[in-house]
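So the sequences go chain by chain: A and B.
Taking numbering that gives the first Met the number 0, the leading residue of the first sequence gets 0, the next gets one more, and so forth.
Taking numbering that gives the first Met the number 0, the leading residue of the second sequence gets 0, the next gets one more, and so forth.
These are computed hints drawn from the structure, not numbers from a lab.
Keep in mind that the hints are not guaranteed to be accurate.
[Said to hold, decoys possible] Some chain B residues judged to face chain A by a derived CB distance under 8 Å, without partners named:
hint: 1; residue: P50
hint: 2; residue: S161
hint: 3; residue: T245
hint: 4; residue: L278
hint: 5; residue: F284
For each residue, glycine too, the CB sits at the ideal point set by N, CA and C.
Chain by chain, the residues:
Protein chains: 2
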Amino acid sequence: MNKVKIGVVGIGNMGTYHSKWIAEGMIPELKLCAVCDTDPKRLEWAKINLPENVVKFSDASAMFRSQLIDAAIIATPHYQHPPLVIDAIGCGLHVMSEKPAGVYTKQVAEMNEIASKSDKVFAIMYNQRTDHLYRKMKEIVDSEEFGQIKRTIWIVTNWYRSQSYYDSGGWRATWAGEGGGVLINQCSHNLDLLQWICGMPVRVRAFCHEGKWHAIEVEDDVTAYMEYENGATGVFITSTADAPGTNRFEVMLEGGKLVCEDGKLHIFKLDVNKREFNLVNREGFKEPAFVHSIAETDGQSSQHIEVLKSFAAAILRGHPLIADGVEGIRGLSISNAMHLSSWLDKTVSLPLDEDLFLSELKKRISTSKIKIQ
Amino acid sequence: MNKVKIGVVGIGNMGTYHSKWIAEGMIPELKLCAVCDTDPKRLEWAKINLPENVVKFSDASAMFRSQLIDAAIIATPHYQHPPLVIDAIGCGLHVMSEKPAGVYTKQVAEMNEIASKSDKVFAIMYNQRTDHLYRKMKEIVDSEEFGQIKRTIWIVTNWYRSQSYYDSGGWRATWAGEGGGVLINQCSHNLDLLQWICGMPVRVRAFCHEGKWHAIEVEDDVTAYMEYENGATGVFITSTADAPGTNRFEVMLEGGKLVCEDGKLHIFKLDVNKREFNLVNREGFKEPAFVHSIAETDGQSSQHIEVLKSFAAAILRGHPLIADGVEGIRGLSISNAMHLSSWLDKTVSLPLDEDLFLSELKKRISTSKIKIQ
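All chains should be modelled from the sequences, with the hints used to inform the complete structure.
Shown next, in the form of structure tokens:
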């Protein structure tokens, strides 16, 4: 079998899993040839836990130029994603970036431009796009059977983290180290799914509370209001301090309602479109009739493994990706807009003023407790 | 049995029900002696549908001064509530006002001052306070067993109304006729329950969309963000255009979570307080354990009848009211704050700047399609 020779940059966290999954043959079309980490302890771990013939690097650039690999997975801290992706593509490699695409869209836009001009495959690890319930939601919304979206409400407060999580790395939850809190770290999946299923908002008004529940610099509690091009509105609520948290994603459409909660997708389908009913109905208090059902899905949520398989298939056979790397900018734009809205205490329009965001972020980086950028 | 002789002002809508319930003896301690309406057709209705000995008035002031009654129920359009309450109390009557207390707090504050100085019973028809689930929520929050509130989220979009409802009266959904839309009309119960159970917010940032889904002057779609004195935040979402709507009220507390939806109150009780767990736990991703249960309640939701019974009992025996009339200002303050925040496009603090609100309301009344105030 034709295999893609791959190297993993950053084996401190998710990269550890990627390396092991590939080494164990869980993605048959990927062959782990190299790993890279700046921390000698992690290379020590690799020596013990990965096959002997996997070459260890302490410098990503050297790995990219080693001729040992066709593709790279970037699983480093967020700020390093774009420069490493750019370097890897420049070395003629296909690239899979961990989420988020980066910390600020200005940097990510530059990465996207380079990726778009190259003939290499550029993917992003939006593994939650493989979830059967979110796929079904997208399928229903895209089908237009339910008409246009009127309202989105995602309460995703089940990202509980206690202080010890934040204390586990000096870079964690700092402006210089991560460039944000729950929005950029935990919610990068949710913000991607939100735009993937419901499209991009055009205006955002957010209330981000920094260090509200934990001794951290960045936000751990966010409530955001959004407006869409067609007049629809949305609310996004998240926190790392609610227990037990809620994960309930409601999409109200002209033809009914979708509610994803507790591992089920509830479908409420109207007999007649709301807009028509509103004009035709003559009984003031009467509501349009509807049918409630639980969505039938394929039940599959293959997560990271499928994303990696599709990456290999894209390289070898031009198979479609689960998530194109350039799409990473969308969820990040929403995240950046939420931060900026909260910092400026006003509504922010999308597309974002990238320079303004970066200058505001830099102010925070300059007073950050750590200076590792 | 000692009975309170009562008169009802306004028998076009809720007053019709109150009159019939009392006439039918459903509130044994109230005796219907008079009704009043400015519309001759409604008095015609009264002639046919109410006992012969119920005296009909076309002028409320005349009824108040008739010596036929000890107490009055005010069930007129919103703007008239405060002046009628003031007049009735001035005539030495006990008063039950329909909700809302009024349209703007300046007027309601004046009413409250007069009511507070009198020795008459002043009540307000917050019948949803009798609902067993909301009573249970209040009981749990008040008990402090779950500690302080961290977050409130009420999605109450199940107030569907079609255009024909708004077209059923020229005064409906106009600034001059009703002084607001879904907030003041449909949500006066929800905003009262919100403050009754969770307390008053101190800051409000709202996004009210006027005539968004219907051909009306006032708001039919609202998303509001709130902040409480203790740092807790809240979201309130309502609309008269969602179908099927949602009614889901979540209260996140230090010791767990309450979720009221679909006729059930879900209780999620942590084994240990979140604040302690956060500091003590050493496993970053671990969440505090909890027990989920469905609240056991008395199942009673006696609504208007109980509110009227307690009103009679308060007059005859000093029994506590379901809702003291002066408390009507609280939910109205939140409603006014939401309107004002949206009109000014900024965050508004509570207590409200009543003069500013009134001047903004007057601007809208002056261009209102009807001028009935």
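Hint check results:
A hinted interface residue such as P50 of chain B counts as satisfied when its beta carbon comes closer than 8 Å to some beta carbon of chain A; here the least separation is about 29 Å, so the hint is violated. Because the smallest distance between the Cβ of S161 of chain B and any Cβ of chain A comes to about 4 Å, under 8 Å, the interface hint for this residue holds. Taking 8 Å as the C-beta contact cut-off toward chain A, the hint placing T245 of chain B at the interface holds, the least distance being around 6 Å. Against a cut-off of 8 Å between C-beta atoms, the interface hint on L278 of chain B holds, since the closest Cβ of chain A lies about 6 Å away.
The interface hint given for F284 of chain B is met, as the beta carbon of that residue sits about 6 Å from the closest beta carbon of chain A, less than 8 Å.
The structure fails hint 1 only (numbered hints given earlier).
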